[in-house]
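Asks: Just so you know, the protein sequences line up as chains A and B, in that order. Residues in the first sequence are numbered consecutively from 1, following this note's numbering. Residues in the second sequence are numbered consecutively from 1, following this note's numbering.
Calculated from the structure, these hints are not laboratory results. Predicted, not measured: the structure shown is a model, and the values here were computed from it. Hints may contain errors.
[As the list claims (entries may be wrong)] One side of the interface only, derived from the structure: several residues of chain A facing chain B at Cβ under 8 Å:
(1) Pro29
(2) Asn32
(3) Ser46
(4) Ser93
(5) Phe105
Each residue gets a CB set at the ideal place from its N, CA and C atoms; glycine is no exception.
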Amino acid sequence: KNQVEQSPQSLIILEGKNCTLQCNYTVSPFSNLRWYKQDTGRGPVSLTIMTFSENTKSNGRYTATLDADTKQSSLHITASQLSDSASYICVVSVVTTDSWGKLQFGAGTQVVVTP
Amino acid sequence: DTEVTQTPKHLVMGMTNKKSLKCEQHMGHRAMYWYKQKAKKPPELMFVYSYEKLSINESVPSRFSPECPNSSLLNLHLHALQPEDSALYLCASSQETGGVETQYFGPGTRLLVL
Numbered sequence: 001k002n003q004v005e006q007s008p009q010s011l012i013i014l015e016g017k018n019c020t021l022q023c024n025y026t027v028s029p030f031s032n033l034r035w036y037k038q039d040t041g042r043g044p045v046s047l048t049i050m051t052f053s054e055n056t057k058s059n060g061r062y063t064a065t066l067d068a069d070t071k072q073s074s075l076h077i078t079a080s081q082l083s084d085s086a087s088y089i090c091v092v093s094v095v096t097t098d099s100w101g102k103l104q105f106g107a108g109t110q111v112v113v114t115p
Numbered sequence: 001d002t003e004v005t006q007t008p009k010h011l012v013m014g015m016t017n018k019k020s021l022k023c024e025q026h027m028g029h030r031a032m033y034w035y036k037q038k039a040k041k042p043p044e045l046m047f048v049y050s051y052e053k054l055s056i057n058e059s060v061p062s063r064f065s066p067e068c069p070n071s072s073l074l075n076l077h078l079h080a081l082q083p084e085d086s087a088l089y090l091c092a093s094s095q096e097t098g099g100v101e102t103q104y105f106g107p108g109t110r111l112l113v114l
């Protein structure tokens, strides 16, 4: 079972509208959580990174929140633009000395912004 | 320079070909990774080079072989691939700062095996 679950699987929104993506995780012990944006056929680009002690982090129109008690994170996109169309991936980092399995990836939420 | 570069961007190869994917970073990171990503799926870790030590995902077939000529370069040698190996191959590097490790991904090589 995947230890990082994202919802919804896909999302279509009108340009200019806001949207919120969800990420629930079960990995433990937890080090940090990051959101990546991945355009089709391109490498993921980091949007935000939060340690367990942080509740919110913003990067322009992207705002991520983290509740380490409930193991939930969200990514809010404000005033969406056509260029926001991409896959948004939640990645949780596990505290371990082993390089293997240190990062747990969610399956991503595919966002399509329409004019 | 916070960039990981990968070449080529696209590659089409036959099942009998031998090719190599290249990855380079100049951030002084001591860990580098190869991932395979199929469409609409999360990246799957294939290999990790961390402080000159190689870790292998045992599910990766031997037709993929990594090579780390130096701490800035990571190659992935491909031989006798199968059509199901067609995917986006991502390279990443990372460094731990203040207890937080951040991975930087390259743009990827889109591979098509015919």
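Asks: Can we keep the proline 29(A) interface hint, with Cβ of chain B closer than 8 Å?
Replies: Violated, about 12 Å.
Asks: Please verify that hint: phenylalanine 105(A), Cβ, nearest Cβ of chain B, below 8 Å or not.
Replies: With a closest approach of 4 Å, the phenylalanine 105(A) hint holds.
Asks: Restraint: serine 46(A) near chain B, CB-CB cut 8 Å. Satisfied or not?
Replies: holds, 7 Å
Asks: Holds or violated: the hint that serine 93(A) contacts chain B, with Cβ atoms closer than 8 Å.
Replies: Result: holds, 6 Å to nearest chain B Cβ.
Asks: Go through the hint on asparagine 32(A) and say holds or violated, using the shortest Cβ distance to chain B against 8 Å.
Replies: holds, 5 Å
Hint 1 from the list above is the single one not met by this structure.
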